[in-house]
Amino acid sequence: MQKVYSVGQINSYIRDMFDQDFVLSRIGIRGEVSNCKYHTSGHIYFSLKDESGSLACVMFAGARKGLSFRLGNGQQVIVRGSISVYERSGSYQLYAKEIQLDGAGLLYERYLALKQELEDMGMFAAEYKQPLPFYVKRLGVVTAPTGAAIRDIINVSTRRNPWIQIILYPALVQGQGAAESVAEGIRALDRAGVDVMIVGRGGGSIEDLWAFNEEIVARAIFDCRTPVISAVGHETDTTISDFVADLRAPTPSAAAELAVMDVRELLGQMRLYREQMQRAVGYRLEECRQKLLHAQMRLSHASPGQRLNADRQRLMEFENRLQERMQANLREKRHRTGIYIEKLRGLSPLDKLAAGYGFVTDEAGTRVYSTRQVRQGGQLNIYVSDGLIRARAEEIIPEDRSGFGGS
Amino acid sequence: MEIIKEKEAQAGTPDLTLEEAFGRLDQVVEALESRDISLEDSFRIYQEGMKLLKLCNEKIDQVEKKILVINGEGGLDEF
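Sequence order for the protein chains is A and B. Converting from the first sequence to the working numbering requires adding 3 to each position, the first position being numbered 1. Converting from the second sequence to the working numbering requires adding 88 to each position, the first position being numbered 1.
Looking at chain A on its own, in the form it has when it is part of the complex (with noise of 0.2 Å):
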C-alpha cells in the first residue's frame, strides 16, 4: 500500500521546492493588474493576467518602497519578486518585491532623467517663479475643450468670479503631437496676453499624462512671461510641468481655485472699507461738532454782551432790592407814624381840656407851669373845651410836689 500523506506534509513539500527553485526565487513577470486591492494593512493584493492567464500576487507592506505609483487595475507592469506557495490554501503565488510599469518604466527612466536635467540647468529654481496676480481678470487654459479639466476649470472660476474672461487654447493633451500643442498653446496665450495661465489636463496612466514630461512643454513653461499654474492629472501624479510651473495644483479644480480670486471677497472687503472710512469720519466729524459747541458756548459766556446781560442782571437786582428796601422803610416809618398818633392823641391837649383840664397862660400867651411865673393880682388865661376864662391870680402858694416826678 502506498503512504499516505497529511495536507500540510504535501504543501510544506511542494513549497520546498519551489523555493529551492533557482528560478522562481528570483523572477520577473509582465502581465496587466487586476482585482488590485490595497489592504489596511499596507499589503496589496492583485493578480497579474495575460491573454492565456492570471496569476496571483501580493505586495507586503514591507516591499512598498519597491512601488513608486499607485498600482491600478489595468495597468501593464512588470513585477519582480518570488513564487511561492501559500500552504494554508495550497496555492502558489508572487510575492512582489519590485513594481515598474511596463514600457512606462523606460519613460520612467526619461523622466527621471530630463527632471535631472532641467533641475541642473535651474528650470526648477524658486527665484524664477513668478507669483500669481492678486486678481486674474483673463485666465488663459491649455487643455482639451473636451472633458472633465476644462469643466471643472469654468465651474469653478465663474463660480468665484462670474465676471471672468476665460480664453482656452484647445490643446491636443494625449498621443502623437500632444506635447507639442500644449507647448504652442502656451505661446500662443502668453502672445494673447493673459492675467494667468492654467496648463493641465485630468487624470490618466503616465502615457496619457507624457506630454506633460516632455522638454517642449517644460521649456514652453519656463520660456512664458506670464505665470504658469500646472494642474497635470490626480494628487498623486507629479509630471516636470509641474515642477516647472510657476505653481502645481493637485488638479484643474484646484488651479481655478488657486488662480481666480473669490469676487464676493473682494467686493465684502470693499463694503468694509467704505463702512469704516464713514464710521471713521463720521466719528471725526460729530467730534469736532461737539467741540465748536463747547467753544461756542464757552465764547458766548465770555461775549461782551453777556457781561452786558449780566450787569443788566444784577443791576435789577440791585434796583430790586433797593426798592424794596425802601418799601419796608416806608411801611415801618408809616406804623411808626401810626403808633406816634395814637400816642399824640392820648397826648392831645384839647382831649385833656375836654376832661376838665385846663390850660393856663399868662396874659403874653406863655404857658404857665410854675407858681413863679405868677405874680399876685396878674392876669392869667384859662384854655377850657369850649373857651377861655381870664381870671386874676388872688393868692399863690408855692408846694413842693418834687414827689411827683412831673415836668
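Honestly, the hints are just simulated from the structure, not real lab data. You may find that some hints are simply not true.
What the hints assert, rightly or not - Think about it this way: if two alpha-carbon atoms lie no more than 25 Å apart in a straight line, the pair counts; the simulated SDA-like pairs of lysine to any residue are: (1) LYS140/A with LEU250/A; (2) LYS147/B with ARG194/A; (3) LYS154/B with ARG190/A.
The structure presented is a predicted model; accordingly, all values stated were derived computationally and were not measured.
Please build the complex by placing chain B on the supplied structure of chain A, with the hints as guidance.
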C-alpha cells in the same frame, strides 16, 4: 503712518493694481481711524478712499463674458 500726499492721491491712483488699491485702502482706513489727523486731512483722505473704491469697482469690471477659444494665429472665437 504718513499722511498720503494730495498730489499722489490725485495723480497716482489710476495706475494702481487692485492689490495696491486694497493695500492703500488699508492705509486710508488706518489713517482715518488715527486720532491725530485734522478734519481737513480726514476729508481729503476719505475722498481718496472713495476714489480708490471706485477704481476697485472699475477694475473688477462687472460684466459677464463669453468663454473664448484662441487658435494658433491668435484669433478668438466663442467656445
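Going down the list of hints, with the structure as the test:
no. : hint                   : in the structure
1   : LYS140/A with LEU250/A : 18 Å, holds
2   : LYS147/B with ARG194/A : 22 Å, holds
3   : LYS154/B with ARG190/A : 22 Å, holds
In summary, the structure agrees with every hint in the numbered list given earlier.
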